[in-house]
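Undergrad: Chains as they are written, first to last, in this note's numbering: chain B, 3 to 253; chain Z, 10 to 279.
You may find that some hints are simply not true.
Said to hold, decoys possible - Derived coverage of chain B by chain Z (criterion: at least 3 residues anywhere in the stretch with Cβ under 8 Å from a Cβ of chain Z; other residues may be distant):
| no. | stretch |
| --- | --- |
| 1 | 76-82 |
| 2 | 105-115 |
| 3 | 154-160 |
| 4 | 170-178 |
Just so you know, the hints here were simulated from the structure itself, not pulled from any lab data. A virtual CB, placed ideally from N, CA and C, is assigned to each residue, including glycine.
Here is how the chains run, residue by residue.
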Amino acid sequence: MSHHIVAVKNLRHVYPDGTVALRDVSFRITHGESVAIIGANGAGKSTALLHLNGYLSPTSGEIRIGDFPVNKGTLPQIRRTVGMVFQDPDDQLFMPTVYDDVAFGPLNLGLAGADLKQCVADALERVGAGQLAKKAPYHLSGGEKKRVAIATVLSMSPDILVMDEPTNGLDPYARRQLIGLLKDFRHTRIFTSHDLDMVLELCDRTIVLKDGEVRADGLTREIFLDEAMLAECRLEKPLSMQGCPVCGRRV
Amino acid sequence: MASIDGALLDFMHLDRLAAGDTALHRLDPRAKLLATFVFIVSVVSFGRYELSALVPFFIFPTVLIGAGDLPVRYIAWKIALLCPFALVVGLFNPVFDTTVLVQLGPLGISGGWISCASIVVRAALTVGAAIVLVAVTGFPAICRAMEQLGMPTAFAVQLLFLYRYIFVLTEEGVRASRAREMRSFGQKGYGMSSYGSLLGTLLLRTWMRAERIHMAMLARGSTGAFQTRQEFRFGAPELLFLIGWCALFATLRSHNAAQQLGALVTGWFQ
């Protein structure tokens with residue numbers, strides 16, 4: 003199933019104001035992998051993500067999603083394959099009701115009638131938000147908004163799920179709920195996050211970005227053991243891998 | 010409801026009312042919109058000294074409030090809040106128009122007073138009908154109905170976005186203003202100039218948000234055309250609702266029901 007592969011080759015991106023956000027980034031993510039892209043603020047994580055569904059186009063380099071290179075002609079296909087959940091759910095939920103919002107993608111894909119209804123109901127059920135269908139987005143709590151935002155993307159049945167800071171701003175319970183939900187997905191998953199404990203739970207593989215370049219790429223557990231490299235990239239071990247704050251002992 | 014915060018919560022309350030589930034709520038928004046439109050036109054088209062003929066028109070908002078199971082006090086309070094503005098509009102009529110039109114024993118009521126009262130009653134009627142319409146239909150449904158009735162899609166989409174993001178924008182504005190207030194310690198801060206940059210920041214933030222929303226739309230396959238689902242059907246109940254009300258408005262417009270009722274009652278006692 004080559005269409006679930008994300009291949010980024012020598013990606014470079016310079017913003018119009020001259021800021022070099024990505025210098026030279028290459029990685030290849032295969033079917034069913036769950037990968038975290040981490041790094042300090044301004045390391046280029048969000049810029050990299052925005053290339054994956056063609057919102058930004060590279061200054062140089064190439065991105066392939068499955069069999070297609072990302073370019074103007076393949077954009078509709080790419081955007082159907084790569085479901086992107088943005089950091090602020092208020093940006094993602096722009097329709098008057100939750101139902102309309104989840105239906106937005108499928109409607110654009112040409113679904114209608116009973117199929118559309120079923121598709122929206124399934125997506126909402128998947129994230130445990132079936133009862134929210136008629137609500138307006140501004141009547142939802144943070145955790146609910148996040149889950150609905152994921153449903154808006156799931157309704158288009160993407161093969162690859164890309165999420166920018168999924169646990170940002172959630173209370174511990176909502177965060178736990180979301181992690182449980184994401185664990186069950188069988189899609190190829192790509193996350194950016196500063197919540198390294200979540201990364202440890204959800205991702206087998208981690209890519210560390212530093213100043214627009216890949217500083218490390220490997221198994222999450224191994225990456226988090228390399229304290230010198232983490233410090234150099236303005237990161238630190240996840241709390242669950244650090245010693246007990248009282249006695250300093252490690253479990 | 011002096012603060013923006015409060016006004017926002019109030020707005021949300023109206024929105025929640027629209028989520029009700031009565032026969033009136035389930036009616037196609039187009040029928041309600043058109044009936045309200047005809048109502049407003051009928052009310053506004055009366056002559057400036059007309060007062061008694063306007064009174065029977067209160068039946069429309071009253072019946073809708075009853076059928077829509079709306080909280081009467083809340084709606085009445087909303088209408089009452091707007092009446093002072095109408096009063097300001099008609100305030101000078103009694104000064105300029107002193108022709109006595111009605112003689113009640115020793116008391117002569119001038120045309121100015123009557124036209125001023127007429128303005129207030131009209132405002133209460135039209136504003137009341139509009140509030141009731143939003144409370145039984147919901148703003149997004151009204152937008153869609155207007156689009157179906159021929160308003161350009163671009164306007165409808167803009168209205169929808171305005172409504173969706175007015176909550177987000179107001180919250181951002183309130184937060185920024187609170188942050189300014191907390192650091193000006195009851196003084197004026199930098200006065201107007203600080204509001205200038207505050208507004209500038211809000212504009213830039215809105216701009217950035219718009220870009221992110223656009224991104225989210227593109228990510229979900231938007232091609233610019235705004236697809237909406239069709240959930241209402243203009244059927245027999247809608248037709249009945251529309252024709253029934255329009256017929257009543259036409260009758261009330263051409264016959265002064267209040268006067269006729271009065272004549273009838275006084276006729277009995279003669």
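Undergrad: Look at each hint and say if it fits the structure.
TA: These are the hints, each one checked on the structure:
no., hint, verdict
1, 76-82, "holds (count 3)"
2, 105-115, "holds (count 7)"
3, 154-160, "holds (count 3)"
4, 170-178, "violated (count 0)"
Hint check: a violation occurs at hint 4 only; the rest are consistent with the structure.
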